[in-house]
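Chemist: Each chain, letter by letter, is given below.
2 protein chains.
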Amino acid sequence: MGGEAAAAAAGQEPGRRILVAVDEGDESVQALRWCLSTFAAAARGDTVILLYVRPAPPTYSVLDASGYLFSEEVTAAIDRYSREVADAVVEKAQKLCTLYSKEEGESHHEMKVEVKVAVGDARTVICQMAGKLGADLLVMGSHGYGFFKRALLGSVSDYCVKNASCPVLIVKS
Amino acid sequence: MGGEAAAAAAGQEPGRRILVAVDEGDESVQALRWCLSTFAAAARGDTVILLYVRPAPPTYSVLDASGYLFSEEVTAAIDRYSREVADAVVEKAQKLCTLYSKEEGESHHEMKVEVKVAVGDARTVICQMAGKLGADLLVMGSHGYGFFKRALLGSVSDYCVKNASCPVLIVKS
Chain A
2 MGGEAAAAAA GQEPGRRILV AVDEGDESVQ ALRWCLSTFA AAARGDTVIL LYVRPAPPTY
62 SVLDASGYLF SEEVTAAIDR YSREVADAVV EKAQKLCTLY SKEEGESHHE MKVEVKVAVG
122 DARTVICQMA GKLGADLLVM GSHGYGFFKR ALLGSVSDYC VKNASCPVLI VKS
Chain B
2 MGGEAAAAAA GQEPGRRILV AVDEGDESVQ ALRWCLSTFA AAARGDTVIL LYVRPAPPTY
62 SVLDASGYLF SEEVTAAIDR YSREVADAVV EKAQKLCTLY SKEEGESHHE MKVEVKVAVG
122 DARTVICQMA GKLGADLLVM GSHGYGFFKR ALLGSVSDYC VKNASCPVLI VKS
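Protein sequences, first through last, are from chains A and B. For our numbering, add 1 to where a residue sits in the first sequence, where the first one is 1. For our numbering, add 1 to where a residue sits in the second sequence, where the first one is 1.
Some clues are possibly wrong.
The list cannot tell twin chains apart, which means a pair is met if one copy fits it or any two copies do.
[To be verified] In silico DSS-like links for lysine-lysine, alpha-carbon gap of 30 Å or less:
1. K163 to K133
2. K173 to K113
3. K133 to K117
4. K117 to K103
5. K163 to K173
6. K117 to K173
7. K173 to K133
8. K163 to K93
9. K103 to K163
10. K96 to K113
11. K173 to K96
12. K93 to K103
13. K93 to K113
14. K103 to K173
15. K163 to K117
16. K113 to K133
Calculated from the structure, these hints are not laboratory results.
From just these sequences and the hints, can you work out the full model?
Modeler: See the structure below:
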């Protein structure tokens, strides 16, 4: 809001805050590509916010297929793996942002990129973050966050289209 | 495609073709506003295509509440009314485009606006037109095309998010 007020005072339009939900899938990479090539403009002062939502670590006892309780070591390993995936996804997304900035030859107007990694249910977290971060647009792929979960809960993108406080752009591969 | 090839030959990026589905609702006006203020840029050579889909006229016998068949005069009157609504919606949308062009002070770069009025089921027609018109983006409100139809068939925007060949942007009021 501070930046927006300053830009308004200077008679400029404030840059737009574009929230891109990234995950492991190709569609989210395409969504980010679309955003960088077609929408976000560093010269306009836009900010691209990369958001990755990783699932909450299991805090209660979980039975594996053979009926044994997961040990603490196993849940810790799952959590560690999830953090590593988050790091890899975010790193790839950041590289893409840098690549597009260079391609655009906008070195004097480098794209502002913010990274957020949140934990929880992707559907609700993405919508909450869209509001909290003052996003002007939410960009995402249509099929993110896993087949089985989608079959059970409906797609994350459907939920966000209905519940996010800003316009939502869905990119399909 | 011809314009695109020419632009590519001249070393310019071709303007984007932005299909905006308009209807009687406020959300579609908001979607168009969003498109004009945030996305479409006359100076980039973008084209805004306004698409209104009106329902097919009843071609078979329809019973009214009292059990009488609709006469030909009645179906003709319904069809005439539907055309008038189409004209009114499209006119309002065109005025909004002109207004934004003037506000932007882009009189030397006036926004290219095309108008299409199609007849049929909005869901399928919008998706077909997105492909046929080579749209780079489809913009629409989330609640268009009537409450009862939506309750029966699901929302038009849900269908388009899943079936359109290009990225889809949904704007809510």
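Chemist: Find the hints from earlier in the document that the structure breaks and name them by number, from lowest to highest.
Modeler: 9
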